[in-house]
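Enquirer: Sequence:
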Amino acid sequence: MDSITILNSFYTLPLTKSLTNSHSFQPPLLLTTRGGGGGGGGVTKLRVSFASSNDTVSSNNKDGLLLLQLNKASSNSALEQLDIERGVCIPFRKYSPQSVRNKVLESRGAVLSLMSRGVEIVWKLGFYWSTLTYDFLVGRDEEVVPYRARQLRNLLCDLGPSFIKAGQVLANRPDIIREDYMNELCILQDDVPSFPNEIAFSIIEEELGQPLEAVFSKISSETIAAASLGQVYRATLRSTGEDVAIKVQRPGIEPLIYRDLFLFRTLASFLNGISIQKLGCNAELIVDEFGEKLLEELDYTLEARNLEDFLENFKNDPTVKIPLVYRQLSGPRVLVMEWIDGIRCTNPKAIKEAGIDLDGFLTIGVSAALRQLLEFGLFHGDPHPGNIFAMRDGRIAYVDFGNVAVLSQQNKQILIDAVVHAVNEDYAEMANDFTRLGFLTPGTDVTPIIPALEAIWQNSAGKGLSDFNFRSVTGKFNQLVYNYPIRIPERFSLVIRSLLTQEGICFTLKPDFKFLEVAYPYVAKRLLTDPNPALRERLIQVLFKDGLFQWKRLENLIVLAKENVAKMSSNPALQVQNRKSQKDLKVERKLDLTDTIKDGARLFLVDEGIRRQLLLALTEDSKLHIEELVDVYRLVEDQIDIPSVAVEVVRDFPTVVRDALLSWSESVLSDR
Numbered sequence: 001m002d003s004i005t006i007l008n009s010f011y012t013l014p015l016t017k018s019l020t021n022s023h024s025f026q027p028p029l030l031l032t033t034r035g036g037g038g039g040g041g042g043v044t045k046l047r048v049s050f051a052s053s054n055d056t057v058s059s060n061n062k063d064g065l066l067l068l069q070l071n072k073a074s075s076n077s078a079l080e081q082l083d084i085e086r087g088v089c090i091p092f093r094k095y096s097p098q099s100v101r102n103k104v105l106e107s108r109g110a111v112l113s114l115m116s117r118g119v120e121i122v123w124k125l126g127f128y129w130s131t132l133t134y135d136f137l138v139g140r141d142e143e144v145v146p147y148r149a150r151q152l153r154n155l156l157c158d159l160g161p162s163f164i165k166a167g168q169v170l171a172n173r174p175d176i177i178r179e180d181y182m183n184e185l186c187i188l189q190d191d192v193p194s195f196p197n198e199i200a201f202s203i204i205e206e207e208l209g210q211p212l213e214a215v216f217s218k219i220s221s222e223t224i225a226a227a228s229l230g231q232v233y234r235a236t237l238r239s240t241g242e243d244v245a246i247k248v249q250r251p252g253i254e255p256l257i258y259r260d261l262f263l264f265r266t267l268a269s270f271l272n273g274i275s276i277q278k279l280g281c282n283a284e285l286i287v288d289e290f291g292e293k294l295l296e297e298l299d300y301t302l303e304a305r306n307l308e309d310f311l312e313n314f315k316n317d318p319t320v321k322i323p324l325v326y327r328q329l330s331g332p333r334v335l336v337m338e339w340i341d342g343i344r345c346t347n348p349k350a351i352k353e354a355g356i357d358l359d360g361f362l363t364i365g366v367s368a369a370l371r372q373l374l375e376f377g378l379f380h381g382d383p384h385p386g387n388i389f390a391m392r393d394g395r396i397a398y399v400d401f402g403n404v405a406v407l408s409q410q411n412k413q414i415l416i417d418a419v420v421h422a423v424n425e426d427y428a429e430m431a432n433d434f435t436r437l438g439f440l441t442p443g444t445d446v447t448p449i450i451p452a453l454e455a456i457w458q459n460s461a462g463k464g465l466s467d468f469n470f471r472s473v474t475g476k477f478n479q480l481v482y483n484y485p486i487r488i489p490e491r492f493s494l495v496i497r498s499l500l501t502q503e504g505i506c507f508t509l510k511p512d513f514k515f516l517e518v519a520y521p522y523v524a525k526r527l528l529t530d531p532n533p534a535l536r537e538r539l540i541q542v543l544f545k546d547g548l549f550q551w552k553r554l555e556n557l558i559v560l561a562k563e564n565v566a567k568m569s570s571n572p573a574l575q576v577q578n579r580k581s582q583k584d585l586k587v588e589r590k591l592d593l594t595d596t597i598k599d600g601a602r603l604f605l606v607d608e609g610i611r612r613q614l615l616l617a618l619t620e621d622s623k624l625h626i627e628e629l630v631d632v633y634r635l636v637e638d639q640i641d642i643p644s645v646a647v648e649v650v651r652d653f654p655t656v657v658r659d660a661l662l663s664w665s666e667s668v669l670s671d672r
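Numbering (full-length UniProt numbering), first residue to last: 1 to 672.
It is possible that some hints are incorrect.
[To be verified] Straight line, CA to CA, 27 Å or less: simulated BS3-like cross-link-like pairs of lysine-lysine:
1) Lys476 <-> Lys514
2) Lys567 <-> Lys545
3) Lys349 <-> Lys321
4) Lys352 <-> Lys321
5) Lys514 <-> Lys552
6) Lys510 <-> Lys562
7) Lys476 <-> Lys315
8) Lys562 <-> Lys321
9) Lys562 <-> Lys545
10) Lys567 <-> Lys315
11) Lys514 <-> Lys567
12) Lys514 <-> Lys562
13) Lys510 <-> Lys349
14) Lys567 <-> Lys552
15) Lys349 <-> Lys514
16) Lys349 <-> Lys567
17) Lys321 <-> Lys514
[Said to hold, decoys possible] Here are the in silico distance ranges between beta carbons for each label pair:
18) Thr346 <-> Arg658: 54 to 60 Å
19) Arg471 <-> Ala354: 26 to 32 Å
20) Val647 <-> Asn316: 22 to 28 Å
21) Leu616 <-> Thr346: 51 to 57 Å
Don't read these hints as lab results, they were simulated from the structure.
Ideal placement from N, C-alpha and C gives every residue a C-beta, glycine not left out.
The task is simple: from the sequences and hints, build the whole structure.
Expert: Structure representation (structure tokens):
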């Protein structure tokens with residue numbers, strides 16, 4: 001590399017060669033469906049590797065769910081089960097047991113390498129297991145738990161990147177490991193020694209296909225962050241002067257990961273019997289879940305697509321900042337993205353000293369997290385304090401999108417079902433929701449679990465919104481899954497970790513912050529305003545209990561929804577002037593119930609069952625409930641633009657009349 005000098009902790013790179021880029025990137029096959037569940041305009045994308053001419057893919061979009069059928073049958077039952085649980089089939093994936101096996105065995109000296117690594121793993125883990133056995137035999141297994149947990153954490157670090165990642169997964173899997181060990185593994189960090197700059201810069205040049213100084217005018221002399229899979233530098237683009245972050249993968253890490261995955265799955269095949277007994281699934285399934293996520297993190301082109309998806313989802317949200325990605329400068333081992341000039345949530349003192357409104361910042365953080373989970377179905381799987389920034393104008397910014405998870409429309413609806421069943425205290429259906437989400441094997445007797453669920457929820461909900469927190473609920477839930485054959489699917493372990501981590505950030509920045517006081521109004525607003533028919537159905541389920549209309553519950557939903565709109569519209573992040581494309585940003589100033597009123601009127605005219613229930617609600621207990629109706633109207637009168645609603649109703653009147661006539665004719669014909 002030509003003359004490089006160090007200046008202010010940056011390498012200043014003189015322009016010595018032409019800006020020619022011989023490295024080109026071919027975009028993969030991408031199948032996209034928009035608006036698949038939430039009315040939020042989120043993007044659901046299926047990431048597909050390069051397809052050969054012999055592969056046939058067909059897609060059918062029904063109720064927002066993308067179903068794919070291939071002319072090739074899958075040879076792996078564990079991966080088939082994962083696809084069924086997710087509600088989406090992935091025809092071309094980075095991971096499969098056969099592809100891992102082929103990749104490992106094709107390398108020269110593979111058998112010797114596998115034997116050597118296998119002996120190392122078996123020896124170290126075997127020795128650790130023998131100490132646990134000895135502790136049990138002499139009756140001191142409980143008193144030495146803190147020491148053995150620390151010993152396990154250090155052992156995983158010593159065994160390398162694959163085991164560090166495995167430890168991070170175990171830290172969120174109460175179905176596999178007991179809680180005291182989980183707490184110790186939560187300390188496990190990716191903060192490891194960086195590899196030399198010369199090697200990193202060489203990898204960047206290989207991916208760019210041109211010299212480093214041709215693209216960047218300067219680059220940091222030290223890494224900004226180092227993790228088990230890669231490290232990050234700060235640089236300045238020569239062409240525009242923009243600051244960027246460069247994420248570069250560790251050299252030679254891919255063969256090591258593949259080798260360990262092969263050994264993991266080989267070991268798992270011997271543990272299937274125990275795993276089926278304890279978790280209701282075979283151990284290979286757990287390894288396959290882990291392997292899929294790990295190989296996705298190894299491919300930075302997937303992370304680039306994750307960034308683009310998040311940018312699309314939050315493009316009209318003025319409170320959330322997602323960094324731009326420079327696709328023309330990125331590849332499988334290098335990712336170049338916009339530099340985020342904010343304050344990491346690892347530094348709460350600096351956030352407070354910067355004068356950032358904490359209530360406003362935490363409110364948009366919780367709302368952004370819930371939008372990812374319930375609206376988009378695409379959420380950040382690792383939102384630890386180092387990956388979340390507070391911008392000085394009050395916005396929240398996310399970085400590091402290597403670990404994201406996708407929830408299908410079906411999974412989102414079941415989650416909302418579970419919330420509705422919890423509100424209605426229908427614990428038998430809550431237990432069935434666990435089966436539908438993949439926590440329990442189909443056919444499992446849920447009878448023993450129902451009382452435990454009831455005890456957990458009533459004990460937590462009984463404290464009220466002010467004292468409710470996810471960590472206390474999760475602690476009790478951990479005991480439940482450890483004592484019953486419950487397996488937490490990997491994507492839901494990420495959901496749990498995401499919620500716990502973000503709640504922890506809230507408590508760190510503001511110890512008296514009430515997470516649920518922000519989360520519940522958001523859910524209430526979604527139920528009242530989202531035009532998705534599935535959510536309309538859930539709203540009806542919430543408002544009717546045992547055939548009786550819940551007037552007080554409707555009033556509470558409206559109050560909470562108005563509170564959500566008020567908090568978001570008055571957020572300091574929205575008061576910033578001269579923001580780019582301000583006119584295109586979506587800011588809700590009122591609770592828009594227009595669509596809800598229209599749908600309610602339509603249902604009243606068309607659906608005889610709903611009409612009967614509403615009329616009964618107005619005449620329950622042999623009296624007219626005019627007072628309750630007036631109370632509801634007073635709550636929403638300042639939120640409704642009567643002329644606009646009237647125009648919408650008149651516009652839809654012919655359609656409503658047609659639907660009413662069709663419904664009447666169907667009822668007449670069915671009677672005959």
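Enquirer: Given the proposed pairing of Lys349 with Lys567, does the C-alpha separation stay at or below 27 Å?
Expert: holds (24 Å)
Enquirer: Between the beta carbons of Leu616 and Thr346, is the distance compatible with 51 to 57 Å?
Expert: This hint holds: roughly 56 Å between Cβ atoms.
Enquirer: Is 54 to 60 Å a correct range for the gap between the Cβ atoms of Thr346 and Arg658?
Expert: holds (59 Å)
Enquirer: Please verify whether Lys514 and Lys552 have alpha carbons no more than 27 Å apart.
Expert: holds (23 Å)
Enquirer: Assess, step by step, whether the Cα of Lys514 is no farther than 27 Å from the Cα of Lys562, and give holds or violated.
Expert: Within the cut-off at roughly 17 Å; holds.
Enquirer: Please work out if Lys321 and Lys514 have their alpha carbons no farther apart than 27 Å.
Expert: holds (24 Å)
Enquirer: Are the Cα positions of Lys476 and Lys514 separated by 27 Å at most?
Expert: Distance of about 20 Å is within 27 Å: holds.
Enquirer: Given the hinted pair Lys476 and Lys315, is their alpha-carbon gap at most 27 Å?
Expert: Given pair Lys476, Lys315 is violated - Cα atoms ~38 Å apart, limit 27 Å.
Enquirer: Given the hinted pair Lys567 and Lys545, is their Cα-Cα distance within 27 Å?
Expert: violated (30 Å)
Enquirer: Regarding the pair Lys514 and Lys567, is the alpha-carbon distance no greater than 27 Å?
Expert: Holds, because 14 Å separates the two Cα atoms, which is no more than 27 Å.
Enquirer: Checking one constraint from the list: CA of Lys567 to CA of Lys315, max 27 Å. Satisfied?
Expert: holds (20 Å)
Enquirer: Assess, step by step, whether the Cα of Lys562 is no farther than 27 Å from the Cα of Lys321, and give holds or violated.
Expert: OK: Lys562 and Lys321 at ~25 Å, within 27 Å.
When each numbered hint is compared with the structure, violations occur for hints 2 and 7.
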